[in-house]
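Heads up: the sequence lines are chains A and B, in that order. Using my numbering, the letters of the first sequence correspond one by one to residues 16 to 357. Using my numbering, the letters of the second sequence correspond one by one to residues 25 to 314.
Bear in mind the hints are in silico, worked out from the structure with no lab data behind them. Treat each hint with caution, since some may be false.
Claimed, not checked - So the derived label-pair ranges between C-beta atoms look like this:
| # | chain 1 | residue 1 | chain 2 | residue 2 | range |
| --- | --- | --- | --- | --- | --- |
| 1 | A | TYR47 | B | ILE31 | 50 to 60 Å |
| 2 | A | ASP252 | B | MET152 | 34 to 44 Å |
| 3 | B | ASP140 | A | SER39 | 45 to 55 Å |
| 4 | B | MET206 | A | PHE293 | 37 to 47 Å |
| 5 | A | VAL313 | B | ASP140 | 35 to 45 Å |
| 6 | A | VAL313 | B | LEU154 | 51 to 61 Å |
| 7 | B | VAL101 | A | LEU103 | 50 to 60 Å |
| 8 | A | SER214 | B | THR26 | 45 to 55 Å |
| 9 | B | MET206 | A | GLU54 | 54 to 64 Å |
From the three backbone atoms N, C-alpha and C, an ideal C-beta is built for every residue, glycine too.
Listed here are the chains, written in short residue letters.
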Amino acid sequence: MTYRLRSHWIGLVLLAVSIAFLVSVPAWGSGYLKRTIVEFIYLLALAQAWNLMAGYGGMLSIGQQGWLGIGAYALVVLAEDLGINPFLAIPLAGLVVAALAWPSTLLLFRLRGAYFAVGTWVLAEVLRLAVTANIDWLGGAKGRSVRSLMNYDRFMRENLTYIVCLLLAAGGLAAIYFALRSKTGLALTAIRDSEPGASGVGIKVLRTKRFVYVVASGFTGALGALIYANLLSVSPDAAFSLNWTAYVIFIVVIGGVGTLEGPIIGTAVFFLLRQFLFGFQEWSLIIFGGIAVTVMIVAPQGLWGLVKQRFDFELLPVRRRLPARLITEPSAVRAADRLDPA
Amino acid sequence: MTIIYTIINGILLGGLYTLFGTGLALTFGIMRTVNLAHGDMIVFGSFMSLLITRFLGLPPFISLVVLIPAMFLVGQVLQHALLNRTLQQGVMPSVIMTFGLSVILQNAMLLSFSADRASLPIGSLATMSLPLSGDFAIGVLPLINLATAVLVLYLLHLFFRCTMMGRAFRATSDDPTTVELMGVSSRQMYALAMGIAFAVIAVSAVFMGARTNFSPLDGPARLIFAFEVVIIGGMGSLKGVLAGGLILGIAQALGGAVNPAWFQLAGHVATLLVLAVRPSGLFPETIDRT
Numbered sequence: 016m017t018y019r020l021r022s023h024w025i026g027l028v029l030l031a032v033s034i035a036f037l038v039s040v041p042a043w044g045s046g047y048l049k050r051t052i053v054e055f056i057y058l059l060a061l062a063q064a065w066n067l068m069a070g071y072g073g074m075l076s077i078g079q080q081g082w083l084g085i086g087a088y089a090l091v092v093l094a095e096d097l098g099i100n101p102f103l104a105i106p107l108a109g110l111v112v113a114a115l116a117w118p119s120t121l122l123l124f125r126l127r128g129a130y131f132a133v134g135t136w137v138l139a140e141v142l143r144l145a146v147t148a149n150i151d152w153l154g155g156a157k158g159r160s161v162r163s164l165m166n167y168d169r170f171m172r173e174n175l176t177y178i179v180c181l182l183l184a185a186g187g188l189a190a191i192y193f194a195l196r197s198k199t200g201l202a203l204t205a206i207r208d209s210e211p212g213a214s215g216v217g218i219k220v221l222r223t224k225r226f227v228y229v230v231a232s233g234f235t236g237a238l239g240a241l242i243y244a245n246l247l248s249v250s251p252d253a254a255f256s257l258n259w260t261a262y263v264i265f266i267v268v269i270g271g272v273g274t275l276e277g278p279i280i281g282t283a284v285f286f287l288l289r290q291f292l293f294g295f296q297e298w299s300l301i302i303f304g305g306i307a308v309t310v311m312i313v314a315p316q317g318l319w320g321l322v323k324q325r326f327d328f329e330l331l332p333v334r335r336r337l338p339a340r341l342i343t344e345p346s347a348v349r350a351a352d353r354l355d356p357a
Numbered sequence: 025m026t027i028i029y030t031i032i033n034g035i036l037l038g039g040l041y042t043l044f045g046t047g048l049a050l051t052f053g054i055m056r057t058v059n060l061a062h063g064d065m066i067v068f069g070s071f072m073s074l075l076i077t078r079f080l081g082l083p084p085f086i087s088l089v090v091l092i093p094a095m096f097l098v099g100q101v102l103q104h105a106l107l108n109r110t111l112q113q114g115v116m117p118s119v120i121m122t123f124g125l126s127v128i129l130q131n132a133m134l135l136s137f138s139a140d141r142a143s144l145p146i147g148s149l150a151t152m153s154l155p156l157s158g159d160f161a162i163g164v165l166p167l168i169n170l171a172t173a174v175l176v177l178y179l180l181h182l183f184f185r186c187t188m189m190g191r192a193f194r195a196t197s198d199d200p201t202t203v204e205l206m207g208v209s210s211r212q213m214y215a216l217a218m219g220i221a222f223a224v225i226a227v228s229a230v231f232m233g234a235r236t237n238f239s240p241l242d243g244p245a246r247l248i249f250a251f252e253v254v255i256i257g258g259m260g261s262l263k264g265v266l267a268g269g270l271i272l273g274i275a276q277a278l279g280g281a282v283n284p285a286w287f288q289l290a291g292h293v294a295t296l297l298v299l300a301v302r303p304s305g306l307f308p309e310t311i312d313r314t
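Using the sequences and the hints given, assemble the complete structure.
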């Protein structure tokens, strides 16, 4: 039996309209518009990757800036030292990061909850120090620039970056959406809610967590490569900055942890606030931090969570739900009453 | 001989790390949560001590008379006003709230004190030393620091083992629901525990400010050191905190002796090694509730 919410169709229509808009931009948009959209999309994609891991999988990583930085440096090595086409190097950087993230889980998964969070942070620090300390080849604390990208003329480069960004984000987000609707998604939320319970019903807890962590980190790494392809140079302090994770956490928390729609709203709110507070970096971070703390106390489900609760409305549904009439349909109850002789 | 001197230096450095780790071990042992603003609170404490020193004209170590009760209160308020409200929802809210707090503190301190490095004026104590042999001397301040760390741990040990309130703490750690049936409010205990952790933060803040210089963005690195102490020592164990602090200090000193750039990296590697070989640390005491 298939049961669809009406709001599902609203979601599909909105999605189709936004895809049509985004695809048409290179034909008419200015460089500024393209750069803004690229920034919006990579923040949204970073947020969704974190959301998949933390919101759906319960793995609260605050060390994703480590993988983002490794992805950026992988781009430099692949494109500059190995001479691979930089646009091809972006997804490849994601694969490199995924390959490094896999063995890291052997240690990280020995920690749980809050300790896992700090453990990922330590790992990010180790990665940062490993890249900056004494590796002249990677440019030390100064970093390196992506020269091979400067061979393209500016219009061409902007359009190519834009297209790669769209493809990467669309592929990643579609993969997250369908993964969450699949058996893996169901297993993942079960693990988040109770690991012993999940393994009790036969879910391969470690394998599922590892798969999700590696995919989310690889995606983050590819996005890191994209971000620094857009900026044309990489420096360790910026690429491994904790601010990346801070932004992503605020976006997800404001919009709603564990929903796919939430981070979209969160990214929009984040963008508006940042535009509004442009030039006041410290104040904007204080405000984002304050909002995150307040949201956790007042409405831990975030903005989209409030909407969902109030209107029972989902644009991109990933939950399985019983048809409403099977739960509380008055006539069904009355029929049962009639059958009951007492 | 050089290697012995390096190890002695590492042990003295470990005294500071032991104090960093104590607060974290306390909150984890009793509440199973980690205060991600721990490091920023240490830096905050150092700045507060600097302000007291400047405006009241007190020496930094006397500023503790004001700072310890003040930080004790801040810890209690933090637990009551923020963290106690989300106890039923797992670790996610406390991790996100303390992370948000860490970001707020860092940037608020950047705005108020600028990014310049500051240090506490401790006068001649900074340079006093005990000669050990012809070419090697031990600083008096690091020695006082190590002795204070051991004393704090010993006092906490006595408090938890020998007083009624200590027993209530241990009971709350084991089972916060059942302890309510015995007339103990677990929320009250959590707030007290955070208060005590913050009092220890005040002590470590003054020692950090006296021994090194500090800047508003140093918090995360201090949190990571504190975390590594707890991971090496074993979660929730006071004995382990001392062992963890000393091992981290020695690892960093040895790494730094080989190559100055490996100072921090050596500490991280030691932690990851312990995690690989003994995931629950050297002296695990707290049982995992989940």
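Here's how the hints hold up against the structure:
1. A:TYR47 with B:ILE31: 50 to 60 Å: holds (58 Å)
2. A:ASP252 with B:MET152: 34 to 44 Å: Holds, since ASP252 (chain A) and MET152 (chain B) (Cβ atoms, about 37 Å apart) stay within the stated range.
3. B:ASP140 with A:SER39: 45 to 55 Å: holds (50 Å)
4. B:MET206 with A:PHE293: 37 to 47 Å: Since the Cβ atoms of MET206 (chain B) and PHE293 (chain A) sit about 56 Å apart, the hinted range of 37 to 47 Å is violated.
5. A:VAL313 with B:ASP140: 35 to 45 Å: holds (37 Å)
6. A:VAL313 with B:LEU154: 51 to 61 Å: holds (56 Å)
7. B:VAL101 with A:LEU103: 50 to 60 Å: Taking Cβ atoms as reference, VAL101 (chain B) and LEU103 (chain A) lie about 54 Å apart, which means the hint holds.
8. A:SER214 with B:THR26: 45 to 55 Å: holds (51 Å)
9. B:MET206 with A:GLU54: 54 to 64 Å: Between MET206 (chain B) and GLU54 (chain A), where Cβ atoms are some 56 Å apart, the hint holds.
Checked against the numbered hints given earlier, this structure breaks only hint 4.
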